[in-house]
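Participant: In order, the protein sequences belong to chains A and B.
If you're matching positions, the first sequence starts at 0 in numbering that gives the first Met the number 0 and goes up one per residue.
If you're matching positions, the second sequence starts at 0 in numbering that gives the first Met the number 0 and goes up one per residue.
Check the hints yourself; a few may be wrong.
[Unchecked claim] Covered stretches of chain B, going by a simulated chain A footprint (3 or more residues, C-beta under 8 Å): (1) 7-16; (2) 171-182; (3) 185-193; (4) 208-218; (5) 246-260.
Simulated from the structure, these hints should not be mistaken for lab results.
Predicted model, so just to flag it, every value in this text is computed and none were measured.
Beta carbons are placed, not taken as given, at the ideal position from N, Cα and C, and that holds for glycine.
Listed here are the chains, written in short residue letters.
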Amino acid sequence: MAAWVKGGATDADTAIEAAASLLAKARAPVIAGLSADVAAIRAAYDLAGRLGASVDTAGSVATYAELGSLSRVGALTTTPAEAVGRADVILVVGDAAWQAPLLKRLIDAKPTRGRTAGSDRVLLAVGANAAASLAWPAEGGLPEAVGVLRAYARGHLAGDALPGQIAARLADAQYGVLLYDAAELGEAGIEMLQGLAMDLSEATRCFTLASGDVGQDRAVVPVSAWLTGQAPRSGFGRRVPEHDPWRFDAARQVAAGEVDAVLWLGAVPVPRPDWLSAVPSIALVADGEAKDAEVVIAVGQPGRDHGGVLWNEQRAALTFWPASAPSDLPSAAAVMAALRERVGTHQAASRSEPAC
Amino acid sequence: MSTLILRAAPPERLDFLAVNPLALSGLSQSEAERLNVGTTRTGVRLGDCFAVKLDGSDTLIIEGGHERLDRVGAALSEGTIRVTGDVGQRLGAGMAGGSLTVTGNAGPYAASGATGGTILIEGDAGDHAGGAVYAAKAGLDGATLIIRGTAGDHLGDRMRRGTIVAGRAGAFAGSRMIAGTLAALAVGDHPGLGMRRGTLVLGSHGRMAATFVETGTHDLVFLRLLATALRGLSPEHAELLGRPLRRYSGDLATIAKGEIWVAA
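Bound-form chain A, shown alone (with noise of 0.2 Å):
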């Protein structure tokens, strides 16, 4: 097992003594990340809570504009399998979605299922695309473009102007899919991309979906649930879980200075932040380096090295992935669940001193 503590190679039981001491002695901790097979998912909220920690996710910007919006008006969502097998209009909303690896094999077939069987696939954009029949360029913000669209499909506004059109192609379509990258098109626009499929679906079919996920946040969020009843930014300073998205986002915590130490969980990796440079940190990541955090502790990724359960993006369910190339590295949860084990022998911090 690779290990470093302060830039230097190490073994397994000094590192893990090293993260246990500085996560024991630390005021207000935050576990991070959280991209990782759902046993791990499940272990980080076990130290959390040992710990009075908080936890935060990777792509939690996009996962809380999603559900921000769900938590308001509820979604109409499909499947990636069922858009590529039903979907005869697909409306890309923004640029971060031209890049998702779905829209190629949304343009490379035909609808192949259901009653759209056989005909073409029309592609429509909302921002400048040349790649669309129709495209929009939009030049409100997207917020705005997906209001005035609804307002054409709700008979609102009138007229064949460029939004009009794509809304009538919506109108006409037998399953249209609203694509879409909840980090770009933020909660605002999300709550109207909503209500523009709930308006469409009272005469047709019509769906949403987020492409561009970031990490593993889409387990995350049920195996919180779950666990705490809660979404995935929740506290456990009181012992009991709090959830505040606002108070428990870790970037701002970090800027705020209210944070000490930060263990990050990347089993399945994803690009490190950069205020976790700013603070002391512990880091689980598959193929670590010495550099990337004060204690490193190289873990297996799941799927690779060892089985785990995943999120499953083709078919929008978490599903089991078996080690395509099994190796002697730990799993983040067994290392998460030496570590919870080395924090109870510590001393916990005191309030016994004036905290002021």
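Chain A is already provided as a structure; the job is to place chain B on it using the hints.
Facilitator: For chain B alone, coordinates are given in the frame of chain A:
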């Protein structure tokens, strides 16, 4: 007049939900000092950070605020709280009555879900002032929120009832508004985006969404009644209604019963 005097910057965010005149009136000096207001595993007691002086009255003065004081005056039902300095998030959240004054700046979600009483912020307010917190049905819900300085983005987001008066505000003021009244001397882009009902009175604004349509100038009795109501809160805002006004109706993406009045 009970007072809390801040001794040093809090080492962590503090939760002041349980610190209000009514709750303190039932506590002895030592009980109040032992109130746990910390939010981390370590915890902080009220007496750790504040010099506490109680007299059982319905007025509480917090001398020396800090941006880490969360939920000051939250769920306040009666009495007065005055903070000289800044406060953190959710100032007066869910407040039902009484009066709350902050001489400095407030963090995000001030007056969220407040159903009654008056909240005055003499400095600036963060994003989502009078707006809804995650998964809440509504933002401001009947209280009066006055911001003398500048409010952040999403002022009055999803507000349902009550009045907001702000000096300036950022983008998306009055977005997704359900009902209520919001007056501001100047706001950023996209005022009222996604609003269903409600009234915005603006001195000036950034980009107006294409889903709002101008419906001309009007001289309505309602506007004079609104001016009278606003005069008590801020004469400057009441004067907006004395100027020629253009009316926009929207948001056409929704049921479009909202209105935005823009002073010329």
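Participant: I'd like to know which numbered hints this structure contradicts. Please list them from smallest to largest.
Facilitator: The structure breaks none of the hints.
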